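**Student:** Residues per chain are reported as follows:
There are 2 protein chains.
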Amino acid sequence: MPSIKLTYFNGPGRAELIRLIFAQGGVDFTDERIEGKDWPELKSSGRFPFQQIPILEVDGHVYVQSTAIARAAARFSGLAGKTSLEQALADEIVDFLQADLQEKIIKFLFGEKDEDKKAELKKKFVEEEAPKGLGFLQKRLEQAGGEYFTGSLTYADIGFYRFVKFTENILNGEEMATQFPKLAALYDRVANLPNIKKYAEEHKS
Amino acid sequence: MPSIKLTYFNGPGRAELIRLIFAQGGVDFTDERIEGKDWPELKSSGRFPFQQIPILEVDGHVYVQSTAIARAAARFSGLAGKTSLEQALADEIVDFLQADLQEKIIKFLFGEKDEDKKAELKKKFVEEEAPKGLGFLQKRLEQAGGEYFTGSLTYADIGFYRFVKFTENILNGEEMATQFPKLAALYDRVANLPNIKKYAEEHKS
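Residue numbers (the working numbering), protein chains in the order written: chain C, 1 to 205; chain G, 1 to 205.
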């Protein structure tokens with residue numbers, strides 16, 4: 001196996017999906033975590049091609065951009081999808097979760113200073129955007145047989161598990177489980193994979 | 001070859017990179033273009049899994065999310081990258097162009113109603129964000145030998161060509177070419193690929 005090192009802040013953020021993919025795939029990697037206070041200096045050190053983290057270093061090559069890294073990690077872990085069609089379906093789910101759901105949360109949670117505006121955007125997300133998006137996802141899951149988004153386990157299912165964890169302070173889990181029982185079952189299915197379970201026990205953050 | 005149909009509005013937007021990838025790959029596809037006025041009704045017809053376009057239909061399977069489709073199109077066209085490393089590098093460039101540059105433009109161009117705020121965001125993009133991002137891209141290109149982002153032609157190079165076209169009313173091409181001569185040469189290299197040239201002549205929009 002190649003020598004693999006992931007570098008990110010000491011928190012889940014944009015690296016957690018990558019860590020979970022490696023954990024599920026049983027791929028050994030160095031989980032380098034840097035402190036926020038050290039970032040401004042490190043940023044300009046020349047080690048980070050786009051002055052961004054996460055980065056993934058594999059045998060001297062540096063991979064950048066969290067979703068591109070997650071996909072590369074999925075290939076290393078056998079979780080990218082077995083066929084071109086499965087790959088496209090998995091990519092679609094991950095991109096949808098990121099661009100259409102998570103980025104909206106990041107926008108109101110971290111991007112909006114005005115408290116009233118923040119509350120308004122949050123309400124819109126919780127009451128309209130999230131249920132609509134989850135409805136689409138549940139339909140996609142059903143179309144693939146109901147067990148995993150592409151029929152068999154890929155990084156898309158782990159991405160969904162991560163999405164639920166990410167939103168646990170924003171969306172009401174019980175309500176979601178009632179409204180979207182097949183997605184709730186998918187979450188449980190992923191959470192109970194032995195490697196994911198072990199990772200969750202070791203990383204309570 | 002499978003039967004391929006791409007559906008989007010009658011304009012470049014989020015479908016143009018996909019069209020260019022197919023054009024370069026010499027892949028035949030139906031370029032279905034719908035009128036904006038017909039979209040609200042079509043949207044709820046059940047044909048569009050996330051009520052979004054573009055969609056790509058391949059032998060009855062429906063692919064969604066423009067970047068996931070572009071990557072699938074790149075695989076069909078032999079332009080996704082030959083190795084896992086090349087794929088990750090190409091994905092990184094395309095994701096960076098999208099998330100860190102194009103989305104910023106979309107935000108001020110279409111998302112900002114206040115004219116002063118719009119002008120301010122545009123100024124910041126033109127004077128700070130774009131030169132910084134282009135600097136990163138030029139360095140990435142140099143690291144790969146200077147000809148193409150991954151060493152050989154992939155959808156990332158076509159993505160860059162598309163980015164330049166997309167920004168031609170926002171960024172000053174001459175200035176960019178002086179500041180980033182290797183990126184300017186890459187643009188010319190892609191623009192002069194016979195299939196891309198033919199496509200550009202046939203689609204003046």
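Just so you know, the hints here were simulated from the structure itself, not pulled from any lab data.
Errors might be hidden in some of the hints.
[Claimed, not checked] Below, a list of computed lysine to any residue pairs in the SDA-like style, where the Cα atoms sit at most 25 Å apart:
id: 1; chain 1: C; residue 1: Lys132; chain 2: G; residue 2: Gly13
id: 2; chain 1: G; residue 1: Lys122; chain 2: C; residue 2: Phe108
id: 3; chain 1: C; residue 1: Lys118; chain 2: G; residue 2: Arg75
id: 4; chain 1: C; residue 1: Lys107; chain 2: G; residue 2: Ala200
[What the hints assert, rightly or not] Far from chain G by the CB rule (all over 10 Å, computed), these chain C residues:
id: 5; residue: Gly13
id: 6; residue: Phe50
id: 7; residue: Phe96
id: 8; residue: Ala99
id: 9; residue: Phe166
id: 10; residue: Ile170
id: 11; residue: Leu183
Keep in mind it's a predicted model, so treat the numbers as computed, not measured.
Built from N, CA and C at the ideal position, the CB exists for glycine as well.
**Student:** Each hint should be assessed against the structure and marked as holding or not.
**Tutor:** Here is what the structure says about each hint:
Between the alpha carbons of C:Lys132 and G:Gly13 the distance comes to roughly 24 Å, so the proposed pair stays at or under 25 Å and holds. For the suggested pair G:Lys122 and C:Phe108, the alpha carbons sit about 22 Å apart, so the restraint of at most 25 Å is met. Taking the CA atoms of C:Lys118 and G:Arg75, the gap is near 41 Å; set against the 25 Å cutoff, the hint is violated. Simply put, C:Lys107 and G:Ala200 have alpha-carbon atoms about 36 Å apart, too far for the 25 Å limit, and the pair is violated.
Non-interface status of C:Gly13 relative to chain G is upheld: no Cβ of that chain comes within 10 Å, the nearest being about 15 Å off. The Cβ of C:Phe50 sits about 5 Å from the closest Cβ of chain G, inside the 10 Å cut-off, so the non-interface label is violated. A beta-carbon of chain G is positioned within 10 Å of the beta-carbon of C:Phe96; the least distance is around 6 Å. The Cβ of C:Ala99 does not lie farther than 10 Å from every Cβ of chain G; its closest approach is about 7 Å, which violates its non-interface assignment.
Annotated as non-interface, C:Phe166 keeps its C-beta farther than 10 Å from every C-beta of chain G; the closest such distance is 17 Å. At the 10 Å boundary, the C-beta of C:Ile170 stays outside the reach of chain G, the nearest C-beta of that chain being 20 Å off. Every C-beta of chain G lies more than 10 Å from that of C:Leu183, the closest at about 15 Å, which supports listing it as non-interface.
Hints 3, 4, 6, 7, 8, counting from the list given before, are not met by this structure.
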